[in-house]
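A.B. asks: This is what each chain is made of:
Protein chains: 4
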Amino acid sequence: MTAHTITHNRIPVLERRYTDIRAHSLQICKPLEIEDYVVQPTGDVSPPKWHLGHTTWFFETFILVPNFPGYEIFDPQYNFVFNSYYETVGARVVRTDRGNLSRPSVTEVYRYREYVDRHMQIFFQRGLPPQPVLKLLELGLNHEQQHQELLLTDIKYILGHNPLFPAYTKDINSHKEETGALEMIKVPEGVYEIGFSGDDFCFDNELGRHKLYLNAFDIASLPVTNGEYLQFIQDGGYTDFRHWHAEGWDWVKQNNTKAPLYWHFMDGEWMQYTLNGLQYVSPDEVLCHINFYEASAYAAWKGMRLPTEAEWEVASDKFEWGQRWEWTGSAYLPYPGFKKEAGAVGEYNGKFMVNQMVLRGASIATPEGHSRNTYRNFFHAKLQWQFTGIRLAK
Amino acid sequence: MTAHTITHNRIPVLERRYTDIRAHSLQICKPLEIEDYVVQPTGDVSPPKWHLGHTTWFFETFILVPNFPGYEIFDPQYNFVFNSYYETVGARVVRTDRGNLSRPSVTEVYRYREYVDRHMQIFFQRGLPPQPVLKLLELGLNHEQQHQELLLTDIKYILGHNPLFPAYTKDINSHKEETGALEMIKVPEGVYEIGFSGDDFCFDNELGRHKLYLNAFDIASLPVTNGEYLQFIQDGGYTDFRHWHAEGWDWVKQNNTKAPLYWHFMDGEWMQYTLNGLQYVSPDEVLCHINFYEASAYAAWKGMRLPTEAEWEVASDKFEWGQRWEWTGSAYLPYPGFKKEAGAVGEYNGKFMVNQMVLRGASIATPEGHSRNTYRNFFHAKLQWQFTGIRLAK
Amino acid sequence: MTAHTITHNRIPVLERRYTDIRAHSLQICKPLEIEDYVVQPTGDVSPPKWHLGHTTWFFETFILVPNFPGYEIFDPQYNFVFNSYYETVGARVVRTDRGNLSRPSVTEVYRYREYVDRHMQIFFQRGLPPQPVLKLLELGLNHEQQHQELLLTDIKYILGHNPLFPAYTKDINSHKEETGALEMIKVPEGVYEIGFSGDDFCFDNELGRHKLYLNAFDIASLPVTNGEYLQFIQDGGYTDFRHWHAEGWDWVKQNNTKAPLYWHFMDGEWMQYTLNGLQYVSPDEVLCHINFYEASAYAAWKGMRLPTEAEWEVASDKFEWGQRWEWTGSAYLPYPGFKKEAGAVGEYNGKFMVNQMVLRGASIATPEGHSRNTYRNFFHAKLQWQFTGIRLAK
Amino acid sequence: MTAHTITHNRIPVLERRYTDIRAHSLQICKPLEIEDYVVQPTGDVSPPKWHLGHTTWFFETFILVPNFPGYEIFDPQYNFVFNSYYETVGARVVRTDRGNLSRPSVTEVYRYREYVDRHMQIFFQRGLPPQPVLKLLELGLNHEQQHQELLLTDIKYILGHNPLFPAYTKDINSHKEETGALEMIKVPEGVYEIGFSGDDFCFDNELGRHKLYLNAFDIASLPVTNGEYLQFIQDGGYTDFRHWHAEGWDWVKQNNTKAPLYWHFMDGEWMQYTLNGLQYVSPDEVLCHINFYEASAYAAWKGMRLPTEAEWEVASDKFEWGQRWEWTGSAYLPYPGFKKEAGAVGEYNGKFMVNQMVLRGASIATPEGHSRNTYRNFFHAKLQWQFTGIRLAK
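Protein chains in written order, with my numbering: chain A, 1 to 394; chain B, 1 to 394; chain C, 1 to 394; chain D, 1 to 394.
Treat the hints loosely; a few may be bogus.
A pair counts as met if it fits within one copy or between any two copies, since identical chains are not told apart.
Taking lysine-lysine pairs in the DSBU-like style, the calculated list, with each CA pair at most 35 Å apart, reads [claimed, not checked]:
1) Lys-176 with Lys-30
2) Lys-30 with Lys-186
3) Lys-394 with Lys-30
4) Lys-211 with Lys-339
5) Lys-211 with Lys-302
6) Lys-30 with Lys-302
7) Lys-211 with Lys-30
8) Lys-211 with Lys-340
9) Lys-30 with Lys-135
Don't read these hints as lab results, they were simulated from the structure.
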């Protein structure tokens, strides 16, 4: 996944990192009822127990099975249940079926995690694995961190689409207010470089660092707030096709969309479902849960545009980011010289490089230590359920 | 629901009956994991926790709320979650959404049952309710018994569509072998009467008892076995359109059907998922889980036909029945003089009287005391997931 | 198709009958533009040129090919294009694809008709065919008459769903006013007989004549008018679920139905598309183009019901019928003793005997000489595009 | 649509250009039967008569109505029928409905063309219109040329999906053989410029000319041939997921794709439907009718890739192009500084800039004089029905 050397190559560091990251997944699930682990209200959302099983399956399949002599697979059927999209490793379950599987039970999935973690510890005690294994291990940890973000967004979707609107927790504040004055940061034209460089981990899609030419551009110092977006709504933003892509406009009409995901107009007030339950929409908070169509329409209404991912990366040290994944105007395509890794991990990123848009930054759901300004997140233009936001450019 | 007097009108008898029936629903759910209560693999199947909540909601809504002064509704939102199809009592949840709801949790649903049961006991202690309430009560009990059968068929579907094929229990034998010699029972032509008469409970669709004229007919003394049906399969039954209704043939081709539901051809042997797990198909057992199209095609292949519901009822004291719901050749239509009850319970049966076929008898999943030879069960011709079978006529 | 002898067994009579019926199909198409022959706005409607080809293919395939030595098939590919549902005679085109086929052109289809008609004439001149062929011939003529009715209903659908609302002709009055006073005709209970008897042609589904027992019933002397149905609409008939079957109510909501097919509320007035173009809805005309759900809901709203097909047939000499196909409360099922014919013509009726409702009578689109009071027409409960109406019973 | 001056501003030149282009549309339709003008076998294909009407509607709506005092609209309803996607100008017909409209007839559409052409001639005789009108006129002519290409691709689809496989004409050779030796052309890294410049017409999406940085790359001197693609097929290209995008692989499996569009494996030979009818696939001909998924999979199998649109444009004077629209690896996105025009013509291009891939070059179906190396064609990745091909890069 990365062409670089894994530098935290001392066993205790590695083991601690493994233990911490694995524990964080369970931490996220702590407030859940068993029932919450099971359901899948829409195809893009996976049941939490599936996330827990799938990330575990990754370590079992790519680390233990090939590298731990004598390792016995916990349950041979789990490959069928917890493989996600790795065609190389066997038949996959159709994604939308995940929500129909009551077994293995949550208890069994936890047992599966314990079993694999126990063997990973033994594996660590046997000494430092060779570089290719270390790299797969690092990929597995980053993979689990990605699923930690999905766990949170999927849990929000599951609870936020329940007519009882149960709160997930009182401990996360996912809708912080934005401070500071909005200004447009100017960046001059010229040849710039983007893409990852250095020795640490990165995903294959961030390589290699390469030159590109940018025209001069301006980029906003702050993301768009609920209050600003409300003006778009109140100005008829969702009823005027001129702001929208043709495909976006079809989406608006088919779904009769009138506001971001999780917003409800109740008794004359805009409410939103948050991880803390139903709350009033605060105008000063950063906007969340809009898709690329909405982001583009808002920008068009403002007479501006979304930044490209290159503009974003080049300017990223001039503003604060990290509350929302910010839609860019760039399609998710390979960087010059992009090469897929051999084998199953080669399927990680490259095969999704069509009909997706790049998002940059990170969100309040991104695990600590998992962010960097070269990170290329990507989703289909219609998806709203991530913690997404808008930063304007012109 | 019935025009007759409720005769078991002594409080202790009534209370015992209520307690027993309510307890039986929980008995059925005993072998389940919590996760099994939640999922809905197809639109016709409901999650077990929904059945438990919905039957409870019936007593709360139709008995306690109107007849128990001072009763406080357990949770006003539950009407939204547990109402099934009673348009009169408020907006319903679209049926296919039930499997997306992780809340209320199973624990909360059990609490709901206890709460309503406790109030029902107090209600009983206040003295014998008037006849209309007694009749609703009786309907509620029969309604719960109907859902007990559905509970079992839905649990079988949930576990039988899990790639791990978990057994439900070892305590039920749902695939008993048939004994005795098959013969064709002759019934002479003439004017007969069918329909319910008497003072006990019956559903509105069984009323009123009426005359009809039957031609002479023959009806089989035994239902069709797996072995007989296997001959149909081996003779190319699923590949020769001539045996099938046009609609049935489309169903075969669209689903690439080759055998009854739950049958799997594995390593050269026919296996079937049963409530005890995966087992070999035994030729002597009574055939199960075929739909009306399959029943009709089998009969056509045999050069025979399905009995009408009138033929079945008239002859029903001449053979044993009760292992399988037996498809008849009769569409589910109102008897002469059929009248819907006023109010919400009027929606119970009449509104389904189009595009459904009548099944007669009972099955191993039918609760004790819930069967009679005037009972009119009905399902859409394509459905297989009930414990259905075939009895031939000519 | 019929067990009886074909009695008009003199060649000149037969030939005249063939010529007249074949000419009538072309007569119906006379007002069409070539483009009107081609399109298929919905799966239940067939393009007019397909009707012309399919009825011709019937004579070619079932009369000429097996019985005319030396006959050369006009175009071997036409079996693929013009076979409708006769699985026995080869692979069929999926019905909804018919509207995509611009070839064979209308001119070629007319040439096909001329070619087959010319050979049929030669065939007649060779002498009287044996009884089985005569019977197939009679079936072919009745088959063509059935398609003449479909031609008219499909043409109405094609033109009536064009935003320009072009008239078909000025020569047909399909919306005559009803005269005479409405009364309820009383029929006493007893054993009656229904079904076809006699030597003339009938379809296999009308056989055999058999006894049945009817309770006493009342049946209306006149069909329902637009004015009566307007009262149902104005009383909120389409917004009150209590009148409807569950399936019918789903249909109403999914399609947002507010009135019969072809009705449009324009500038405060109800208009309807007729074969003569757009016209005001006249209250005195006989209601048309409602489906079984609507017919049943209307009857329920009136506190009455639809007659069964047996009631209709038994009473049919006591009222005038023939303007509208009248929905009955009977599902389309085999009569006692029904037997499919051997071979391809055996597919004619029996395989549709599930999930369809019987209509009795005839309509203004039915060709002369094609009606009788034992005729069993049938359509799916949701279909409106035939010239259908309502006669109440109780 | 273009920021530049229209230079062919002498009336006779303009009039001749108008006449020639308008005549060419009719020329394309000459071999058609009337029936061929009407059908729409799939949503992306439009009936030929719609193309003829829609291009005419463009001149009527944007030139005559606002600029020809006293002009009377031919038929006010035509705006409803022939508007395609211009939301500004009124409600549009849903695209997939076009194939259901038998009226206006082909004769009426020709009359519509004559009426508008006659008024355009009078309009020209009144003197040179002002620049903004000239620019709209030029846009209208280029718009008609674009529909000429679609006319041909749609006619091919209509006839090529008819089971009779009728030839369109014998006069076009759409499958010419490729000559010359394949070599990889080397282009050094550096800052380049792409985008249109000059005074002639271009579409808004080609503006403005801008700098970009390219790494060194190689690009093929020739497009891929049938023979080369056959090797991909024979090597199992359509059965090995590793070559495909995830979305492409889903497309392959859902459609059971085994070869390019119009290819049929018949009696052991690959045949293809061409505008001249069914022919053997010749290995030396240029490959045609593959979508972006197939183009990408082929490139991956070859260990190469598709060029970006910038690479293609920069290198385009080093190779011959014009037989096939060549899929690039670039998503269709706005160039730096892209601005939508005001009003309805602003909808021309910008609103499609999401989830489409860019194609460069031209095809044998592109009208003469309509090609340039800055032209940005675009289609959804799954579409095959254009005359598309592959040029490899690395």
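A.B. asks: Among all the numbered hints in the text so far, which are the ones the structure does not match?
C.D. replies: 2, 3, 6 and 7
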